[in-house]
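Q: Residue numbers (our numbering), protein chains in the order written: chain V, 1 to 313; chain U, 1 to 272.
Each hint should be verified, as a subset may be incorrect.
One side only, chain U facing chain V, incomplete, derived with CB under 10 Å [what the hints assert, rightly or not]:
| id | residue |
| --- | --- |
| 1 | I57 |
| 2 | S110 |
| 3 | I117 |
| 4 | A212 |
| 5 | M214 |
Just so you know, the hints here were simulated from the structure itself, not pulled from any lab data.
Beta carbons are placed, not taken as given, at the ideal position from N, Cα and C, and that holds for glycine.
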Amino acid sequence: MRVDFVKAVSAVLRADQRSMLISGDLGFMAFEELAAQLGPRFVNAGIAEQNMMGVAAGAALAGLRPWVYSIAPFATYRCVEQIRNDICLHDVPVRVVGNGGGYTYGMMGSTHHALEDLAVLKSLPNIELFFPCANDHVSAAVQLMAALDGPAYLRLGISAFNTDWPVQGEHPETLTRRYAGSPAAGAAPRLTVVGAGHGVQLALHALRHLGLDRERVDVFGLARFPFDLAKDAALRASVEQTRRVLFVEEHYGPGGMGESFLAAAQPLAAFRLLCARYDREQRYGSPRFHMQQCNLTPEALMAAVRASLGGDS
Amino acid sequence: MKQVSYPQLVDDALQIRRAFLKMHFEAKAGHLGSGLSDIDLLVYLHGAWLRDQDHFILSKGHGASSLYATLHYYGQLSDEQFATYYQDGTLLPAHPAPRALPSIPAATGSLGHGLPIAAGLCYANKYLHQNDVRTACLLSDGECDEGSVWEAALFAAHHELSNLTVIIDANGLQGFGTTESVMRLEPLRLKWGAFGFRTSEINGHDFAQIHAAMLEPADARPHCIIARTVKGKGVRFMENRLEWHYLPLSAAQYEDALIGLEEPDSLRDSSP
Numbered sequence: 001m002r003v004d005f006v007k008a009v010s011a012v013l014r015a016d017q018r019s020m021l022i023s024g025d026l027g028f029m030a031f032e033e034l035a036a037q038l039g040p041r042f043v044n045a046g047i048a049e050q051n052m053m054g055v056a057a058g059a060a061l062a063g064l065r066p067w068v069y070s071i072a073p074f075a076t077y078r079c080v081e082q083i084r085n086d087i088c089l090h091d092v093p094v095r096v097v098g099n100g101g102g103y104t105y106g107m108m109g110s111t112h113h114a115l116e117d118l119a120v121l122k123s124l125p126n127i128e129l130f131f132p133c134a135n136d137h138v139s140a141a142v143q144l145m146a147a148l149d150g151p152a153y154l155r156l157g158i159s160a161f162n163t164d165w166p167v168q169g170e171h172p173e174t175l176t177r178r179y180a181g182s183p184a185a186g187a188a189p190r191l192t193v194v195g196a197g198h199g200v201q202l203a204l205h206a207l208r209h210l211g212l213d214r215e216r217v218d219v220f221g222l223a224r225f226p227f228d229l230a231k232d233a234a235l236r237a238s239v240e241q242t243r244r245v246l247f248v249e250e251h252y253g254p255g256g257m258g259e260s261f262l263a264a265a266q267p268l269a270a271f272r273l274l275c276a277r278y279d280r281e282q283r284y285g286s287p288r289f290h291m292q293q294c295n296l297t298p299e300a301l302m303a304a305v306r307a308s309l310g311g312d313s
Numbered sequence: 001m002k003q004v005s006y007p008q009l010v011d012d013a014l015q016i017r018r019a020f021l022k023m024h025f026e027a028k029a030g031h032l033g034s035g036l037s038d039i040d041l042l043v044y045l046h047g048a049w050l051r052d053q054d055h056f057i058l059s060k061g062h063g064a065s066s067l068y069a070t071l072h073y074y075g076q077l078s079d080e081q082f083a084t085y086y087q088d089g090t091l092l093p094a095h096p097a098p099r100a101l102p103s104i105p106a107a108t109g110s111l112g113h114g115l116p117i118a119a120g121l122c123y124a125n126k127y128l129h130q131n132d133v134r135t136a137c138l139l140s141d142g143e144c145d146e147g148s149v150w151e152a153a154l155f156a157a158h159h160e161l162s163n164l165t166v167i168i169d170a171n172g173l174q175g176f177g178t179t180e181s182v183m184r185l186e187p188l189r190l191k192w193g194a195f196g197f198r199t200s201e202i203n204g205h206d207f208a209q210i211h212a213a214m215l216e217p218a219d220a221r222p223h224c225i226i227a228r229t230v231k232g233k234g235v236r237f238m239e240n241r242l243e244w245h246y247l248p249l250s251a252a253q254y255e256d257a258l259i260g261l262e263e264p265d266s267l268r269d270s271s272p
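Can you build the whole structure from these sequences, using the hints too?
A: Encoded structure:
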């Protein structure tokens, strides 16, 4: 997603002279060309995220529209008070970008995993969160963020189960994607599978390789918070029909998007959540290793689908 | 630069202290000591130095009441608004609120936030807008415990934010002790100098010294003025007393404080 982000944000930065890019000492093999083009509109703020967010807020108060880039845990937890006080309370157009959402930085260890970034930021006022489902979803998110006059956060990530699967439809504002509907004509769906951001890739993997496409299941990918189910007519209709939701996210459960979706979609007959977990006996490895450790796999998703459908018959 | 008259500034400061004591007495609000320590600096900035286009960031947000009193005195806050201080429904809480007043561009109160914001304003004005807008940022000395202050200091020096003036209200007292007993800050001037600032050290109640420091020839560096101040300045029984960071005034204390302000030498250091 980083490549797609750089491409999309480059276009925004070229088009809007009020925009600027501030990096927390990251961008090797990504920002070099952009930095050379932007001159003073590119700032490497060094390894000082608190200051970086305050500087971005100050620049925004002076009429600029900064994008602030770091890896997701550093762009969020370290400087959450600056994001709250300096950016959100002032409602200024600062766009925070966190690369490596979820377990993307697997072997880098727990300090580099971003499993609570959305939980932390969704609790703040005025900020909108964007979490693209796939690489080809990033550009639309960047363009929507560029048009906002208030704060926004962009979560970039790479799923260990990235799968190519066609999109059936995408809402231009919510960015919610419909990936699959019930196969047999006239056969009503019995379960709605909803993935947040690149977490939906587990479901796409299951559609491609594990036969999920043969089940009476709808699959949607969410990419923006706060949710707007009034606009997401297809998703709303599916949930109203099935009243059963299986939610999947590469994020810690407490405070995650699943909790918020459960609250927004009530009343439901059944709700299951596949999400990241912590374990006292934690071991470290690739993103796929971490996801297997917390049972966040396409196979586990299929098992949950079958359990949900079985419970319905 | 407005015409600078030291006797006028001394008189302004006296009247603002009176108004400040009244608002705190009526509101039963604390934070008296730190307001009294920075009023002379605020008077100089708002009475002489700041132009319409310039920014002032009160990084020591707990000095808000002294800023409100100063803005009111200089006509930037209406009587009606000023009267709402500390009342339910006010835009003037004990620490400045976001997006509330044109003269207060940024909400502060959690220490260590103002200087990064000021640095962002200065960077935008110097390099992108390429204008002559200046920003002054007032910090408390205890605030320099915060790491984000030093992150911003590195940033400001690296980017040669010569349009930034940092003033440290160095009254030597913080929340639960003296700055030297809690976490040694000195030598403060050398520290700011080592971080790449042009530095001055002055008596922060002496308008001639404040004025001289602000007029020192600029270079590419941001400027840091260590203003040595007295917490509780002007009210003898509050001066250098930790408890006046917190306590409200009783009626008797309010009377005593007002009388004390009228003593000829109560603001002795304020006279040039």
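Q: Check the structure against each numbered hint from earlier and tell me which ones fail, lowest number first.
A: 4, 5
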